[in-house]
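Participant: Those sequence lines, one after another, are chains A and B. If you count by our numbering, then the first sequence holds residues 66 to 288, one letter each, in order. If you count by our numbering, then the second sequence holds residues 66 to 288, one letter each, in order.
Some hints could be false.
No copy labels: a pair is met if it fits in one copy or bridges any two.
As the list claims (entries may be wrong) - Derived lysine-lysine pairs resembling BS3-like cross-links, with alpha carbons at most 27 angstroms apart:
#1 K287 with K97
#2 K286 with K202
#3 K143 with K246
#4 K202 with K142
Derived by calculation from the structure, the hints in this document are not laboratory data.
Residue-level listing of the chains:
Protein chains: 2
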Amino acid sequence: MENVRIIEVKQSIFADNNARANELRQELKQNKIFLLNLMSSPGAGKTTTLCQVIRILKDKLNIGVMEADIDSDVDAKKIAECGVKSIQLHTGGMCHLDADMTRQGLENLIDGNIDLAILENVGNLVCPAEFDTGAVKNVMILSVPEGDDKPLKYPLIFQVCDALIINKIDVLPYFDFDMEKVVENAHMRNPKLEIFPICAKTGEGIEDFCAWLSKQVEDWKKD
Amino acid sequence: MENVRIIEVKQSIFADNNARANELRQELKQNKIFLLNLMSSPGAGKTTTLCQVIRILKDKLNIGVMEADIDSDVDAKKIAECGVKSIQLHTGGMCHLDADMTRQGLENLIDGNIDLAILENVGNLVCPAEFDTGAVKNVMILSVPEGDDKPLKYPLIFQVCDALIINKIDVLPYFDFDMEKVVENAHMRNPKLEIFPICAKTGEGIEDFCAWLSKQVEDWKKD
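Next comes chain A alone, as it looks inside the complex (with noise of 0.2 angstroms):
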């Protein structure tokens, strides 16, 4: 397999990360693209949930992903495996991307037509959520292995994020997880949060997951 394209991002000299942030979505809504930033702790399993998401997404929509790590290039070359364009963004250590950064990204995704374009962000439940990077939307993963405390926690993700992917259900049996304790808890933080709960591995409720993103997708195009 052709080795993947690794962009070394460049932490921003701007000082208002929202305004460039509010920029770059103008830009993007001129040119009917898509962003969606994908959040979680490593290893919530947001690699496999875009893969999954890809194989039903693929034949209707182009998609472009950009995957953002401090090290390695094991996720983008996943991703191209998918059949869809894939680059991997280095963060120099960074914990977070913020607007400029995501913009370097894209600028070398995208080369052509690109309806949906993917940020799979560095795994941390805290540093994103505090940078606005121009996506339209921003959609979590919490993973059952992490517990069902996170949203007491971790108050921001879940206000900044738009739906809420519940990963992992195949373990309930388990683990201690109160599913009804984790979506009451997120929907105190933010009560317009729309929860998916899935398997990535199997592809249990991505189907929901994905009516919801076309959804977005199509809204965004048409406005």
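Given the coordinates of chain A, work out where chain B should sit on it, guided by the hints.
Facilitator: The following block gives chain B in isolation, referenced to the frame of chain A:
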């Protein structure tokens, strides 16, 4: 149960965190207090592991625990129930603790004899690794559901730690987690890393980690 004490720690005004961390370590040495910094992803099992460590060591050592979180006091309550002194540190949104924040916590924790002070850092594999807290030893937990590729993606935390606890080995049959590969990759990052596979829920393997930790505390008090 009595409510736990919550301390709002403030980010350091000192630029040179390393110097402040070394000062703190020297004071701890003089006072014969061993400080352990425990790091991991959210939900890897830091608090449950600490409860097992406390169960084994509390009759031998005076233990005090600082639970750092963005929000909530669920962890400090759990630790207090194990029968040792416990305080909750709120970081005001910060993704890590530096040496001065740790000092503020210690000042509130230590009002008598403490042999072993433990800082449970914010759940995050990136930022806490970048800031010396003044701890004598750094330990990280990687849990089986997070996957065996973490040493490739998050190099620094494996480099700065003295010991790696691999938790949730009871669910190994349900996850694609190659123990040999993770040990090899972790040792590639840090050949001196001590590795302890455990199940914090059942206590399996915790004795070996406690033996290692007791030895470190003993050596620190002796020199």
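Participant: For K202 and K142, with the copy left unspecified, which applies at a CA distance of at most 27 angstroms: within, between, both, or neither?
Facilitator: Intra 25 angstroms, inter 36 angstroms, cutoff 27 angstroms: intra-copy only.
Participant: Pop the pair K143 and K246 into one bin, within, between, both or neither, using alpha-carbon distances up to 27 angstroms.
Facilitator: between (34 angstroms within a copy, 18 angstroms between copies)
Participant: Could you figure out if K287 and K97 sit no more than 27 angstroms apart (CA to CA) within one copy, between two copies, both or neither?
Facilitator: within (8 angstroms within a copy, 67 angstroms between copies)
Participant: Since the copies are identical, ignore which copy is meant and state whether K286 and K202 lie within 27 angstroms (CA to CA) inside a copy, between copies, both or neither.
Facilitator: Answer is within: at 13 angstroms inside a copy they meet the 27 angstroms cutoff, but 53 angstroms across does not.
Hint check: no violations occur; every hint is consistent with the structure.
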